[in-house]
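Asks: Model the placement of chain B on the given structure of chain A, informed by the hints.
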Amino acid sequence: MRVVLAEDSVLLREGLIRMLDSSGMAVVAAVADAEGLLRAVEEHEPDLVVTDVRMPPSHTDEGLRAALVLRRRRPGLAILVLSQYVEERYATQLLSTETSGIGYLLKDRVADVAEFLDALRRVAAGGTALDPEVVAQLLIRTRSDPLSLLTPREYEVLALIAEGRSNAGIAETLVVSEGAIGKHINNIFAKLELSGADKDHRRVLAVLRFLRV
Amino acid sequence: MIPIRLSTPWDRIRGHWSAATWLCTVHVVTGAAVAAVAATTIVGLAMLAVLLVWTVVVPLLALPLLVASVPVFTRVQRARFAALMGEDIPRVPTKPVGRYPLTWLLRMARTGSTWRQLLYHLLSPLISAIGLFGVVGVWSGGLVTAGVAGRGWALGLDWMVALFGTIAVFLLVVGPWVARGIAGFDLLAARALLGPSLSDELAIKVETLRESRADVVDAADAERRRIERDLHDGAQQRLVSLAMNLGMARANLADLPEPAREAIVRAHEEAKQALKELRDLVRGLHPAVLNDQGLDAALSGVAARAPIPVRLRVDVPERASPTIEAVAFFVVSEALTNIAKHARATGAEISVRRRADRLHLVVHDDGQGGADPSAGTGLRGLGQRVGSVDGTLRIDSPVGGPTTIEVELPCE
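One line per chain: the protein sequences are A and B, in this order. Using my numbering, you'd call the opening residue of the first sequence number 3 and step up by one each time. Using my numbering, you'd call the opening residue of the second sequence number 161 and step up by one each time.
Chain A extracted, bound-state conformation (with noise of 0.2 Å):
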């Protein structure tokens, strides 16, 4: 998989970069701005784009605005947004256009290597990856009825689903089976009256509904 990285702190880039090579992803370019990243992406045509939020030179959102750039340019690139803080403003700008291939984390998660690798492969693939934090930010806002309707555990489930979890992965973190994953899905969808054939298309719908973008 090639990798673009634009991270402006020299430590972190390099610990990035050594991480990433180690998994078997190649960074192909690694950069410190915004007119950097969006150069870079032109000249290598990557699968993935991580990029941080806060670079020169305003140290403000260019990140997050180059990201948007990117995906207005080419609909298909998978992104990942890292940051130091998550902001649930961000994230809907973010998801505003689609919900494929997008990922937005906390820098601290980098931490957890497996599970952030696990993050890029399922951003990379065209799934999504929003950090827990924003998940529970977005859960603040004032919402229309059909989601009042949820159950506190399908409001768990949906949520989990709008991280990006597959359904084996929201069993393993809720400790049931995927058999009751499947059913609490299944009423989410109800619920919400997405009763379309296409059953991934509804799951993006949900999670569309659920962010309110």
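Just so you know, these hints were derived from the structure itself, not from any lab. Keep in mind that the hints are not guaranteed to be accurate.
Unchecked claim - With beta-carbon atoms standing in for the labels, derived distance ranges:
no.: 1; chain 1: A; residue 1: 168; chain 2: B; residue 2: 418; range: 43 to 51 Å
no.: 2; chain 1: A; residue 1: 189; chain 2: B; residue 2: 429; range: 34 to 42 Å
no.: 3; chain 1: A; residue 1: 59; chain 2: B; residue 2: 369; range: 34 to 42 Å
no.: 4; chain 1: A; residue 1: 77; chain 2: B; residue 2: 417; range: 33 to 41 Å
Virtual Cβ for every residue (Gly too), placed ideally from N, Cα, C.
Replies: Chain B alone, transformed into the frame defined by chain A:
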């Protein structure tokens, strides 16, 4: 007045006759001329207005002209004191002037200092007249009697020389004192009537204090942002890197002896905990998202981190200044911290609205109430932070609950 500091008798005499003395004399003489013009104009216009009141037009023209002339004469008088006596009469604070001539006039007419200045212009002919007679009388009297004494000396009349000589010396010695005395009295009157009154001075002081306090508040806010940036660029990145390296060690070094593995696992967990604590601390200082995307985005993050369910409504169509946004953010996060610590609430509601130039915040919880600003530092800190930008804070927290905190912040 230029102070006279002398040692020898000759210095004393020379100082007595110094330039300052002559300037005082000139001051008194020119004062009479200025005062005459000023008083004549003012009294003339007033009389014109009164006598021709039936024409309506004349008073309507004369009275505004009268009011308008007062600051002009004041400026001339201030220039006279500055040029001839080296005395600076403090300027009356200029208040925001009305956009139209009429509002300007009304404002002037309503201001106390305008009438005090008018009083000075009416009083100064009197002072100047006394001064003029005194100074000119003493000087010319001295010269005349000196002349008579000289004449007596030429005629050989000793009594004439003695008598008129003594009078001449007396008058010429007294002359400077009279000039200085009159000028000094004039100065006292000008200070009292042309300068700012006590309330004017207080108004100036309040304005300066308000400005300097705003500067201090802004500086503290900028400092918080700087610390946040420094921590973000420095310690936080280093900690992430440390935690990542420990994480890699933990994942890859599976065949280490158990104690070593355990140490790595513990270090890894502690590094992650430190990261989380540092993140919470830094975010409390000044969240970056507040700068980038404003209150709505920053507050939804705070609300999400609260341990109880929080409903948030933000209606701020136009962003406030960074300092006001920072205070609003601090109020909400501090209030939520208090609720989590003391209120035993099951839920809270936050509403932030901007109406014209006020930002209105309400934090409501269904807890046990009894919040007392004098008991803890949390609520007091809240009051101080709100007060620092001239905001108002109202806490309604009966024992048994619920608690409502209302804050209004000015945003010009």
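Asks: Hints first: check each against the structure and report whether it holds.
Replies: Results for each hint:
1. Remark: the range hint 43 to 51 Å for residue 168(A) to residue 418(B) is contradicted by a beta-carbon distance near 33 Å.
2. Checked against the hint of 34 to 42 Å, the pair residue 189(A) and residue 429(B) passes, with Cβ atoms roughly 36 Å apart.
3. Under the hint 34 to 42 Å, the C-beta atoms of residue 59(A) and residue 369(B), about 38 Å apart, fit the expected range.
4. Evaluation of the 33 to 41 Å hint for residue 77(A) and residue 417(B) yields a failure: the beta carbon distance comes to about 51 Å.
Taken one by one, the earlier hints fail for this structure at numbers 1, 4, listed in ascending order.
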